[in-house]
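These are the residues of each chain, in order.
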Amino acid sequence: MAKFSLTRRALLISGVATGVLAGTGLPSMAATPPGVLVVGQIAEPKALDPAAVTAVNDFRILMNIYDGLVRYKSGTLEVEPALAESWTISEDGKTYVFKLRPGVKFHDGTPLDAEAVKFNFDRMLDENHPYHHTGPFPLAFFFSSVDTVEASDASTVTFTLKEPYAPFLSNLAYPTGLIVSPEAVKTSDKDFGRNPVGTGPFTFKEWRPNEAVVVEGNPDYWDGATSLKAVIFRPITDANTRVAEMLSGGIDLMVEVPPVALKEFQNDKYHLVEQAGPHLWFLILDCAKGPFKDKRVRQAANYAINKEAIVNDVLEGTATVANGPTPAAFAWAHDDQLKPYPYDPEKAKALIKEAGVEGQEVTFYVTDGGSGMLDPVPMATAIQADLKAVGLNAKIETFEWNTFLGKVNPGLDAKGQHVDMAEMAWMTNDPDTLPYLALRTDAWPDKGGFNSGYYSNPEVDKLLEEARTATDQSKRAELYKKMQQIVHDDAPWVFVANWKQNAVTNDKVSDFTLQPSFFLLLKDVKKA
Amino acid sequence: MGGYILKRLALAVPVILGITVIVFLIMAMIPGDPATAILGSYATPENVAKLNRDLGLDQPLVARYFIWLWNMLHGDFGQSFSLNRPVIDEVLERFNNTLILAGSSFVLCSVLGILAGVVSAARQYGFADKAITFAVLLGISIPSFFLGMMMILIFAVDLQWLPVSGMYAIYGGGDLPDLIHHLTMPALALAVVATGVIARLSRSAMLEVLRQDFIRTARAKGVHERRVICGHALRAAMVSIIPVLGIQAGFVLSGAVYIEIVFQWPGIGRMLVDAILQRDILLVQGGVVFVAACYVIFNIIVDVAQSLLDPRIKT
Numbered sequence: 001m002a003k004f005s006l007t008r009r010a011l012l013i014s015g016v017a018t019g020v021l022a023g024t025g026l027p028s029m030a031a032t033p034p035g036v037l038v039v040g041q042i043a044e045p046k047a048l049d050p051a052a053v054t055a056v057n058d059f060r061i062l063m064n065i066y067d068g069l070v071r072y073k074s075g076t077l078e079v080e081p082a083l084a085e086s087w088t089i090s091e092d093g094k095t096y097v098f099k100l101r102p103g104v105k106f107h108d109g110t111p112l113d114a115e116a117v118k119f120n121f122d123r124m125l126d127e128n129h130p131y132h133h134t135g136p137f138p139l140a141f142f143f144s145s146v147d148t149v150e151a152s153d154a155s156t157v158t159f160t161l162k163e164p165y166a167p168f169l170s171n172l173a174y175p176t177g178l179i180v181s182p183e184a185v186k187t188s189d190k191d192f193g194r195n196p197v198g199t200g201p202f203t204f205k206e207w208r209p210n211e212a213v214v215v216e217g218n219p220d221y222w223d224g225a226t227s228l229k230a231v232i233f234r235p236i237t238d239a240n241t242r243v244a245e246m247l248s249g250g251i252d253l254m255v256e257v258p259p260v261a262l263k264e265f266q267n268d269k270y271h272l273v274e275q276a277g278p279h280l281w282f283l284i285l286d287c288a289k290g291p292f293k294d295k296r297v298r299q300a301a302n303y304a305i306n307k308e309a310i311v312n313d314v315l316e317g318t319a320t321v322a323n324g325p326t327p328a329a330f331a332w333a334h335d336d337q338l339k340p341y342p343y344d345p346e347k348a349k350a351l352i353k354e355a356g357v358e359g360q361e362v363t364f365y366v367t368d369g370g371s372g373m374l375d376p377v378p379m380a381t382a383i384q385a386d387l388k389a390v391g392l393n394a395k396i397e398t399f400e401w402n403t404f405l406g407k408v409n410p411g412l413d414a415k416g417q418h419v420d421m422a423e424m425a426w427m428t429n430d431p432d433t434l435p436y437l438a439l440r441t442d443a444w445p446d447k448g449g450f451n452s453g454y455y456s457n458p459e460v461d462k463l464l465e466e467a468r469t470a471t472d473q474s475k476r477a478e479l480y481k482k483m484q485q486i487v488h489d490d491a492p493w494v495f496v497a498n499w500k501q502n503a504v505t506n507d508k509v510s511d512f513t514l515q516p517s518f519f520l521l522l523k524d525v526k527k528a
Numbered sequence: 001m002g003g004y005i006l007k008r009l010a011l012a013v014p015v016i017l018g019i020t021v022i023v024f025l026i027m028a029m030i031p032g033d034p035a036t037a038i039l040g041s042y043a044t045p046e047n048v049a050k051l052n053r054d055l056g057l058d059q060p061l062v063a064r065y066f067i068w069l070w071n072m073l074h075g076d077f078g079q080s081f082s083l084n085r086p087v088i089d090e091v092l093e094r095f096n097n098t099l100i101l102a103g104s105s106f107v108l109c110s111v112l113g114i115l116a117g118v119v120s121a122a123r124q125y126g127f128a129d130k131a132i133t134f135a136v137l138l139g140i141s142i143p144s145f146f147l148g149m150m151m152i153l154i155f156a157v158d159l160q161w162l163p164v165s166g167m168y169a170i171y172g173g174g175d176l177p178d179l180i181h182h183l184t185m186p187a188l189a190l191a192v193v194a195t196g197v198i199a200r201l202s203r204s205a206m207l208e209v210l211r212q213d214f215i216r217t218a219r220a221k222g223v224h225e226r227r228v229i230c231g232h233a234l235r236a237a238m239v240s241i242i243p244v245l246g247i248q249a250g251f252v253l254s255g256a257v258y259i260e261i262v263f264q265w266p267g268i269g270r271m272l273v274d275a276i277l278q279r280d281i282l283l284v285q286g287g288v289v290f291v292a293a294c295y296v297i298f299n300i301i302v303d304v305a306q307s308l309l310d311p312r313i314k315t
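Protein chains in written order, with UniProt numbering: chain A, 1 to 528; chain B, 1 to 315.
Same shape as in the complex, but just chain A (with noise of 0.2 Å):
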């Protein structure tokens, strides 16, 4: 019996320690062969259903499946001719017609026609659509302002809006615009999202929940095909974790590196690409109540925050300053002449001993963490220290991101409190969408915006509706850079910082670039 006991123990360990070792004795990693390219992403994605999601993580699969109608040419914000080879716009700029290209083909075979794009638009916006079931599309009213599609032959579809509306061309190369296949929709129906099928230069292959979807490479496609075999794309949440996958070479390829991982990477193993995109990072400052409803001391606030030293050393340069409210991205429409407010804490006392507020409490909303928010924490610190140093003692108070936006979004005043100012960031595909939802007396958010410090300029309001409506762009962009002239000295918000979206491949990866409009494009990337 002793002999048995002793047998049995020594059975567990050495199962327990064969466990261990075969664990560890196996090669380290299987490596990817060769035009495998392995992708980071930052999270599980919802859908791969382009009218269904709302997720940059997300969009950043469905570019490389989907076309749009148009897209954004490469390197800037401006459309060019994808599956419509040309466009006429009317004189009212209420009726669009797109020519669509010929003999492109769905990935399951089926024609890309006019019928096609018209059944794309009639299921997200029309209610009595067969096929409405398969959303909700959170972001169909992006397209709101359209009334009718038709398919004027076959290869020929208008578009007629109810008003004119110019940022309509651009929402067609958002996400939200891709064309999927009608057979495919009517196939798989709600599960569709899973089951993916458009005109992209990449076919959906299989998704693996929680581990990878993967697609591979289409040799027919219009464009040119990829010379990738396929692309997997992880998801890795944990941004230590995806740093580590990287340097182990479990992924070839991640995006929005964390600043703190930089130098990891700052080597020849490695290629760290950056690109300035059109985000705004921003402070709400409440203008209507409090010490901020006098303009003296929004602009004091704008002169005592470093702005320089929170890019360069809280983000480890991952962003640049911003000079006011309309992100460098939109070449365009931004006005390259307007200076940020500098780094000048003499005048900030000046101002704030002006309008008679030393010393005063401000309550300062903060988040720990949310889309393009950055490194909101460590962000917040630098600028209560620099605020205080110029007279203002910011009370932080810190809150989970929805936490945070169900108690910032509906106003700084609302709900029986009262906030000072609001950390904010924002990302948009247009420069019309920002200003409109966030600046205009109409935006309030009582009336249904984002205007959440509540700014009211008559001047403004003006400018941002006609700029929205005009469809010549150099009207818009005059109109646009006179807004910019007025909101950075109004100074509603505290101007602080555009990010760089940044990723890093290995150097087995080439010719990959990143784009403005922060969408992911692998298409023209090889891989060793």
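To be clear, the hints were calculated from the coordinates, so they are not data collected in a lab. Please read these numbers as outputs of a predicted model, since none were measured by experiment. Among these hints, one or two may not hold up.
Said to hold, decoys possible - In silico BS3-like links for lysine-lysine, alpha-carbon gap of 27 Å or less: (1) A/347 / A/482; (2) A/162 / B/50; (3) A/118 / B/50; (4) A/447 / B/50; (5) A/415 / B/50; (6) A/447 / A/462; (7) B/50 / A/186; (8) A/94 / A/481; (9) A/447 / A/415; (10) B/50 / A/190.
Said to hold, decoys possible - Just the calculated beta-carbon pair ranges, DEER-fashion: (11) A/458 / B/46: 15 to 25 Å; (12) A/129 / B/71: 20 to 30 Å; (13) B/304 / A/378: 50 to 60 Å; (14) B/64 / A/35: 45 to 55 Å; (15) A/511 / B/107: 42 to 52 Å; (16) B/176 / A/368: 34 to 44 Å; (17) B/16 / A/368: 24 to 34 Å; (18) B/135 / A/342: 53 to 63 Å; (19) B/308 / A/395: 56 to 66 Å; (20) A/273 / B/46: 35 to 45 Å; (21) B/135 / A/262: 30 to 40 Å; (22) B/159 / A/526: 22 to 32 Å; (23) A/344 / B/137: 51 to 61 Å; (24) A/526 / B/74: 46 to 56 Å.
In this text, a Cβ means the ideal position worked out from N, Cα and C, and glycines have one as well.
Starting from the known structure of chain A, arrange chain B on it as the hints suggest.
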């Protein structure tokens, strides 16, 4: 015995019902809602209202609770907003992955913990005892997520022996050796703290038993020391060790959350964290109720096992 089990099962019903009420109310009360989470920057009141309508969240709270409960009793846990697939599919798949991780970790910590406890009790104040006590203290004091990150840095990034994260190789793989390869680090990292706790308690349980009369009698009768320790003493000590194992099983399951995030293990802990951040109400509710039900059942099993081992415990 049968009556005891039935009684325990009947008592579990109100517990689980209570859990459904609590998790439902928590999800209803926390600020932020799924529509805001989905729409992000575009969450205008108008868009939020429309999306809430599409998601069926515009109904009164009480109605929503009973619809949810009724559907759940019929096996329908609803559809996840953030993953766009049935909650039950996701929960079962993820729970299975967590069981693989927590299960192997639990086996590791039980075996190693009891072994360490028995050895150090048998060699009280000897070198082995001191060495084990030191190692155990160290193990208990290191947070598992930190240990996990250190292990990644050493074994995956520097030595490249083991993969950083995931459950299967992304290219090829998918078989048992591949799984073990990916499981080794997370299972070890997760087991360390529990191993320490089990070792300490096993040691004191063994010491207590070793001081009792029947051990002295056994030794006096000339029973081999090995048999005294492993046969007589350990068997008696198991009565107090098993409840500890039960509690540690719970800790290993909940500790799996950190480990799953660090090692990107596609388990239910990570799923719940993501679901909470995205306000994926049905996924959180379904996941929590499922895990809670499993926990309740597991506790019943432990109690039953204990009463089988020790007839003195009233059935």
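Status of each hint after checking the structure:
This hinted pair checks out: residue 347 of chain A and residue 482 of chain A have alpha carbons roughly 25 Å apart, not beyond 27 Å. With a C-alpha separation of about 21 Å, the suggested pair residue 162 of chain A and residue 50 of chain B falls inside the 27 Å cut-off, and the hint holds. A threshold of 27 Å between alpha carbons decides the hint, and for residue 118 of chain A with residue 50 of chain B the separation of about 23 Å falls inside it, so the pair holds. With a C-alpha separation of about 16 Å, the suggested pair residue 447 of chain A and residue 50 of chain B falls inside the 27 Å cut-off, and the hint holds.
Distance restraint check for residue 415 of chain A and residue 50 of chain B: the Cα-Cα separation of roughly 22 Å lies within the 27 Å cut-off, and the hinted pair is therefore satisfied. This hinted pair checks out: residue 447 of chain A and residue 462 of chain A have alpha carbons roughly 17 Å apart, not beyond 27 Å. Straight-line distance between C-alpha atoms of residue 50 of chain B and residue 186 of chain A comes to about 25 Å, which keeps the hinted pair within the 27 Å bound. In summary, the hint linking residue 94 of chain A to residue 481 of chain A is supported, as the alpha carbons are separated by about 25 Å, within the 27 Å threshold.
For a cut-off of 27 Å, the pair hint linking residue 447 of chain A to residue 415 of chain A stands: about 15 Å separates their Cα positions. Distance restraint check for residue 50 of chain B and residue 190 of chain A: the Cα-Cα separation of roughly 19 Å lies within the 27 Å cut-off, and the hinted pair is therefore satisfied. The hinted range of 15 to 25 Å is satisfied by residue 458 of chain A and residue 46 of chain B, whose Cβ atoms lie roughly 24 Å apart. Taking 20 to 30 Å as the suggested C-beta distance range, the pair residue 129 of chain A and residue 71 of chain B conforms, at roughly 27 Å.
The supplied range of 50 to 60 Å is met by residue 304 of chain B and residue 378 of chain A, whose beta-carbon atoms lie about 52 Å from each other. Look at residue 64 of chain B against residue 35 of chain A: about 50 Å separates their beta carbons, and that is inside 45 to 55 Å. Between residue 511 of chain A and residue 107 of chain B the beta carbon distance is about 49 Å. The supplied range of 42 to 52 Å therefore holds. Separated by about 40 Å at the C-beta atoms, residue 176 of chain B and residue 368 of chain A satisfy the suggested range of 34 to 44 Å.
At roughly 33 Å, the beta carbons of residue 16 of chain B and residue 368 of chain A sit within the given window of 24 to 34 Å. Range check, residue 135 of chain B to residue 342 of chain A: Cβ separation about 59 Å, and the 53 to 63 Å hint holds. The beta-carbon spacing between residue 308 of chain B and residue 395 of chain A, approximately 59 Å, falls within the hinted interval of 56 to 66 Å. In this structure the hint that residue 273 of chain A and residue 46 of chain B lie 35 to 45 Å apart at CB holds, the actual value being about 38 Å.
As the Cβ distance of residue 135 of chain B to residue 262 of chain A is approximately 37 Å, the hint placing it in 30 to 40 Å holds. Between residue 159 of chain B and residue 526 of chain A the beta carbons are some 30 Å apart, a value that agrees with the proposed interval 22 to 32 Å. Between residue 344 of chain A and residue 137 of chain B the CB atoms are about 55 Å apart, so this pair conforms to the stated range of 51 to 61 Å. Separation of residue 526 of chain A from residue 74 of chain B is about 53 Å and conforms to the stated range, judged on CB atoms against 46 to 56 Å.
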